[in-house]
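Protein chains: 2
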Amino acid sequence: MTGILSTIESPADLRKLSMPQLKQLAEEIRQRIIDVVGRNGGHLASNLGVVELTIALHYVFDFLHDRLLWDVGHQAYVHKLLTGRNKNFDELRKAGGPSGFPNIDESPYDLFNVGHAGTAIPTAVGMARAASIQKSDASVVALVGDASIVNGVAFEGLNQGGLLRRQLLVILNDNSMGIAPTQGGFAEHLAKFRVSPMYEDVKKTVKRFLPSVPVIGKPALGALDHLKEGIKAAVSPHQIFEQIGYKYVGPTDGHDIEHLIELLRVLKSTQHPVLLHVHTTKGRGAEYAVAEPCRFHSPNPFRVEGCRVEIQSSGRSWTAAFADALIEAAKNDPRVFGLTAAMPDGTGLNKFQKAFPDRYLDGGIAESSTVDIAAGMCKSGLRPICAIYSTFLQRAFDQVFQEVVLQGLPVIFCLDRAGFVGSDGAVHHGYLDISYLRCYQHMVLMAPADEPELNACLRLALKLDKPCAIRYPRDNVPTPLLAPGEATTPEFELGRSRILRKGGDATIVAYGVMCREALDAAELLANEGLEIGVVNARFAKPIDREMVSTALETGHPLVTVEDHTLAGGFGSAVLETAQELGLDTRAIVRLGMPVERFIPHGARSAQLAECGLDAAGIAESVQFAIRRTREAAGLRENVANRTGSNRLKDVART
Amino acid sequence: MTGILSTIESPADLRKLSMPQLKQLAEEIRQRIIDVVGRNGGHLASNLGVVELTIALHYVFDFLHDRLLWDVGHQAYVHKLLTGRNKNFDELRKAGGPSGFPNIDESPYDLFNVGHAGTAIPTAVGMARAASIQKSDASVVALVGDASIVNGVAFEGLNQGGLLRRQLLVILNDNSMGIAPTQGGFAEHLAKFRVSPMYEDVKKTVKRFLPSVPVIGKPALGALDHLKEGIKAAVSPHQIFEQIGYKYVGPTDGHDIEHLIELLRVLKSTQHPVLLHVHTTKGRGAEYAVAEPCRFHSPNPFRVEGCRVEIQSSGRSWTAAFADALIEAAKNDPRVFGLTAAMPDGTGLNKFQKAFPDRYLDGGIAESSTVDIAAGMCKSGLRPICAIYSTFLQRAFDQVFQEVVLQGLPVIFCLDRAGFVGSDGAVHHGYLDISYLRCYQHMVLMAPADEPELNACLRLALKLDKPCAIRYPRDNVPTPLLAPGEATTPEFELGRSRILRKGGDATIVAYGVMCREALDAAELLANEGLEIGVVNARFAKPIDREMVSTALETGHPLVTVEDHTLAGGFGSAVLETAQELGLDTRAIVRLGMPVERFIPHGARSAQLAECGLDAAGIAESVQFAIRRTREAAGLRENVANRTGSNRLKDVART
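Protein sequences, first through last, are from chains A and B.
Position 172 of the first sequence, counting from 1, maps to 172 under our numbering, and the rest follow consecutively.
Position 622 of the second sequence, counting from 1, maps to 622 under our numbering, and the rest follow consecutively.
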């Protein structure tokens, strides 16, 4: 914590530094990030790539007045270190510490909470347009990676931005990598520029023009045109940007602070949309991260010992279990095809790709089109399985509707990261998928409670002629759950739940991974002398109607448990079913994520506990429900005693 | 019905025709479309623009084997006329007649039900990829307009398609118009090509090369390269497509059948992704439609008398009411800014634009980025109002989440076309918005029952510091509803319902426009001696808890009514509230759209009636609920009589 970094309270302090000091600062920042991410886990390679660029941006712009929009936001650690968050950076991604993404509650320098890709440019366009209306001279900068810029909403924003008649700077941070290697024709096009050493020439060209460049307004624009002419001579410009209205500058070296500062000074006041193309190296400063940028994109805590880097391993994840389940399914069914949207590692499809390279597609950070591609394949007779995080499938909500549900196509969605995601926080929780998929016609929603169930889910999904979604969390699989008398996990039958434990004082109906917590809660309550039944719901759609009516007809509490919002989620589906069956729903208690709160980053277990979704919390709610139901029964009994048969009639007439 | 068209049962018949006959067929088709759309309403200008192109496509390809994907699908009438649907084309868009969009239930030539934009290319990519895996030589064609190709998912698909190493033909139908003039930098770029007469030269070039062109496989590709070289000499190619992996051909005249057939024959077997750029005239063949393509994009029935064309007017629409409400709001609040996504006419924002040209933005067919632009504006202190159809806001589901809800930004969404949309059918019903917006933190959901309420909604929304959505249908506003004793419409208060009619036998709680039907139902039941209360819910979120408990504590039925799916909709919100309050929900009946059915095109009134959501249907349900509740009360009374106080206890212990 000594050195220059510790003296930086805000970007103003940055501007007091000499060029050698700025370079030293860059190295200190790099080391600080490697240290903290090594301890806490987090986004490593992406942040190491933008150290110089971020320093240069804060050196040139005043982002309390100017506007800085981060795309995805997994590259904002440097920005955090420069805007007053070095002091608690050791707590990165831990409860109470800085979030791993820009966060409006942390700093006025963070304009948007982000995490999903492609949105920086359109929000920047909105802010630029607002600035025009408000007669503000604020400069607007959007920083976007080469993997994100081909996301649909980014392209839409770029297309609108090309119409602006004022300053707008879009910086394309091109490291030829997203979370995985960038996909698509555009990426191949960009790649051509990376293999040539031409951008060295651009630097020289810039140097030639800059001494004569005034710093503000229209003259700067003129200078830029000179600059561009010079660059054109050296490098073929990207007509793709020019054609939609941008002045294109680059490609240029994203690790040369001095050069970046010179360039940004010109671009700050260029009254025209500009695309600045910057080449950076993902993971720069940590050889292992440069060598394996996928593995070090967002690693668990790791330790560097000599030339060996060991990433903390943490048991068998749902992701690993899914990868094996998918491979198994593909072995048995030649129609199976695996798709991911830029998350081969995160979804386990990297393993699938190795096993079935011809039956694998990475659609890039483009969930919308990935779902459409899957629908096209399904229409042609394949059985596509889209492995997309719950939170990211939101981006394809309308494609799931039009291309899948409306056609009745049996596309299978495997939603990793469903429920609380732990240290990635509010923007990444998979807390909406049941609500937003449940309203779709003929959609089947399943959740496995353990690994054998995940396999069984997939087997059933492949037998059905309907669209299906299967959800599981960012967590490890539990030991397989078996009910007394069960030797193996029973197969999934459409709309049938599974009894895991019998007990007459209350029934917990748990969805997916909540079964483990529910069983533990039942065990806790057994110590209190209560016999609690546990049902593994297996389906959020269709709901097992017989199970609901059997449980409710006892008059004992039925407690639903889900790691999902209570607004329209699994519990609501049970409630709707009960009401449709004409059952008294007063014995129902729904446990899940609170409707109106955002749950911040921290450990997944702590997030569950905070919402009363751990075993202890569930046990407490069940106990309370039993007490309440007994009191109510007593009350009804008393009422019946006191007022006799007319009482109900009187109430009904009130 | 005489002439050539009546002899065309399938595209095979087309191939028997001579060139002069094909041209005559084109004129017959044009006249047929003008006649039927004049009578039934529908998409006029877009279909008149693609007559020759569609004939040429079906002439060259066999789309029972090859694949034809329509983007948006509002230009598929010609396709329908050529694929066996001429005989019932008079019933276009009427119940039982052909849908106004491609429809998989109508014909094997229709591969996808569509209506939302941008999806043809990615689904085509999926089908092309599947064909490769299946070793099929099927040619895949996606037809997309210049307004749709800049939609995010289209661009994403284009980007993926550029990687294919087989045939894929993307036809850019460039008429410089979407539903409204195309927006964005790319559109400006395309416009440069339209003003030049260069494509005439392309035709000559093609003619020069074609005689020597073999028709299949790699040789065709070689010929194409020659062709392209020739074209390059004449026109600057669109590097934007070349750079992402497409061979670019065009621009070419989309009304020259002969030329199109020659060109398509080459492209059919070109084993490489090709973008064919076709210039067409929207509305060609109907001068009034060419002159006013927005007005004649999708007109109501109209009559041509000499040089006057009169479009059937149909009373004051919700859209017109909204336009005036928005203008009023903008007069009173300088922060108000109006946004539409390519629907200035459909949302009424054309009128707003005239009043406040500087406070208006058309984001193009790009709902995702339009919402993000609005969020950027809102963050900068403006009060953006996004007028987007309910069904199209689905495209921005994730942007509403990340850029609006997660930031707590008070962006206002005005959802036109909420509920049944009548003759546009299943793909356009706004039947999901309550479910998919209700799960968002702090979101306020309102629906006005009449025009004064629409104004009141907007006034409240502008006072709140939360995101809001206001829904209203494709229909006319009813006469203002006033409860007995009310002189004017009371203002909206957050989470407070409004009593429209008192009555003790049951309470109908209606959302939005369903209030009118509910009042009529109450009137019908008054004739039967039943006193039915009607509550205008006003809010689907937050629900008026006091209203729910007051209504339920009577023990009489509470019947919720919404023109929205029953899965997670308004009724579910009421149900959740009742359950949270510990109330007996057995008296609740929820009326809405059935969860598992797709309701096809037809009249909106008929669609409501089909789902029991007209006054008669509601009355019937209410009556049934009253009978059932009374029987249940009688039953409970008997049970209490028969078994005394222990009965409940016994039940509770079962």
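Worth flagging that the hints you see were computed from the coordinates, not collected in a lab.
Quick caveat, the model's predicted, so the values are computed rather than measured.
Each hint should be verified, as a subset may be incorrect.
Identical chains share a label here; the pair holds if one copy fits it or two copies do between them.
Said to hold, decoys possible - Computed list of lysine-lysine pairs in DSS-like fashion (alpha-carbon distance at most 27 Å, straight line): (1) Lys-23 with Lys-354; (2) Lys-23 with Lys-268; (3) Lys-354 with Lys-463; (4) Lys-135 with Lys-23; (5) Lys-354 with Lys-94; (6) Lys-135 with Lys-247; (7) Lys-94 with Lys-351.
Item to check | Violating hint indices (sorted, rising) | outcome: Hints 1, 4, 5, 7 are the ones this structure does not satisfy, whereas the remaining hints hold.
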